[in-house]
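Asker: Here's the letter readout for the chains.
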Amino acid sequence: MHPDESRDDAWLRGEFHRSADQVQPADRIAEIRQRLAHDGGTVSDLGARRGLRPVVLAVGAVAATVIAASVLLPRAFTSDPTPAPVASQTLTESPIQLRDPAIPVYYAASDHVTQSAGSAGKLTPLAREFHRDDNSDRMQAALRELSSTPSDPDYRTHVPAGMVRGASKQKGRIVIRLDSPDRSAAPASMTDFDARTAGLQIVYTVRAVVGEGRMPVEFRSAGRPLESVLGVPTRVLDSTVDSMALAPVNLTSPAQGDVVRGDTLTLTGRGWDLGPGSNYVITSAGDAAPLRQGSIAVPDPSPHGFQRFEARVDVADLPAGDYLVSVTSRQGLAELLPDTKQFTIR
Amino acid sequence: MPSWDADSGLEQLYRDHWTALVRTAHFLLRDLGAAEEVVQDAFVSVHGQWARLRDPDRALPYLRRAVVNKSRSVLRHRAVAEKHLRRGLGERLRDAPDAAQDVLADEARTDVVTALGHLPRRQREVLVLRYYLDLSEAEIASTLGVSRGAVKSHASRGSAHLRDLLGADRPHPEES
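Listed in order, the protein sequences are those of chains A and B.
If you read the first sequence in this note's numbering, its first letter stands for residue 1, the second for the next number, and so on.
If you read the second sequence in this note's numbering, its first letter stands for residue 347, the second for the next number, and so on.
None of these hints come from the bench; they were simulated from the model.
Possibly wrong hints are sitting among the right ones.
Distance condition first, Cα-Cα at most 20 angstroms in a straight line; then the derived SDA-like pairs of lysine to any residue [as the list claims (entries may be wrong)]:
no. : chain 1 : residue 1 : chain 2 : residue 2
1   : B       : Lys498    : B       : Arg467
2   : A       : Lys171    : B       : Gly463
3   : A       : Lys171    : B       : Thr365
4   : B       : Lys498    : A       : Trp11
5   : B       : Lys498    : B       : Asp457
6   : B       : Lys498    : A       : Lys171
7   : B       : Lys498    : A       : Asp8
8   : A       : Lys171    : A       : Ser239
9   : A       : Lys171    : B       : Asp457
10  : B       : Lys498    : A       : Ala10
11  : B       : Lys498    : B       : Ala484
12  : A       : Lys171    : B       : Thr460
13  : A       : Lys171    : B       : Ala366
14  : B       : Lys498    : A       : Pro216
15  : A       : Lys171    : A       : Pro216
16  : B       : Lys498    : A       : Arg13
17  : A       : Lys171    : B       : Leu378
18  : B       : Lys498    : A       : Arg7
Please put together the full structure from these sequences, using the hints given.
Answerer: Have a look at this one:
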């Protein structure tokens, strides 16, 4: 007990510490290191970064590979022998070229549809973009972006503006707060498929921001849990598997509208079933003739989980101008769904 | 504290204080994700200010101030966002509970975090620094940029208010 402390003070102190003990922060040291690496870091790090950066992307939302990020870390930090699993997951989600942290946001990937199993019908698969976050509250920024226009013109959002008021991790689940209990009902202006896509956009985005994998989610409004969202049972949104919800391939870098300077274009992204035949094609923006093409197949493709891919493309002799890069997995379910981005070489 | 460079100093601070600072921010914000972001920002800030701090012992007080100030910014931003949301959605939302009430309703029990939400911001800050971080009046005054008298006043009113809010769970004198 502190000097001059009353019994009530000691009791209050105990209450604070008991309450605090229930809060278990995630390890964020990797994110801090990463931000320092591109915010300035140390003199020796800056020298290393200049030599190792594979490509400079001037604008837009971009992501880095684990390999790229790890070689850019300050020396003092890379020696940490105990990297945390949560932090390492976040590391792969974050950009290294931007000064501000990027936030992952899921959108409906174009008009293409994939046939889902059973009677659930069709839903638009989701693709992820990384957006700038100039606000310290990443979740709020992500929720705002959910209802904004995606960078990729092939993507769209079905989440009504203002619908999601907040989301936070609480006791092993993510609680998502909606603006009104009326959001339980299916809106007349939305198809069942779009409603389900909207719900999945929300679920996948908040999970990505929390960064702890497939955490259970709970929708609430006015302090009460909701059994359905936009007419879709919440248990369906919570349990939809990745292979049904996510686009078979998602190109992360380059992002839509990126500017590439240099001789090498590094393609990064993720997909499933990336077997032989999974490939990329680069064309001029105004001509469908392939200028570059190659494989993005991974050595051990898994139909049950997403895998990252990376390909380096020599673009030294491509003239300055606008280009399209399209990446396709070997097989889709009902149809292939390529992911296409426009980028500019200068 | 030995003389460290910014990187190794930050690592040491992280190991020793990350958890406590996030929990501090959680008391102020009631949102773990936001609390982690705030403290992460604070660590990046202190790294950038390392040369100016000169004395490594000043790094921790700087971190605490940064956490409190950034938490205030988040709360201000929330208030502005709420205001715009209400203005945009009109009558229907005006009748709905605000975000703070929503959070309170989410919690079935009245714990310290929930009860703190009923206190004015300054009282909340003083109580968290006093009862969780165990700071002295002088340290609290320095962290918040107020006088020791103000700390004493906020602590007195805040703790009385908090005891009332937690009254149901408070042990009788003969139990302790």
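Asker: Are any of the numbered hints broken by this structure? If so, which, sorted upward?
Answerer: Structure breaks hints 5, 6, 14.
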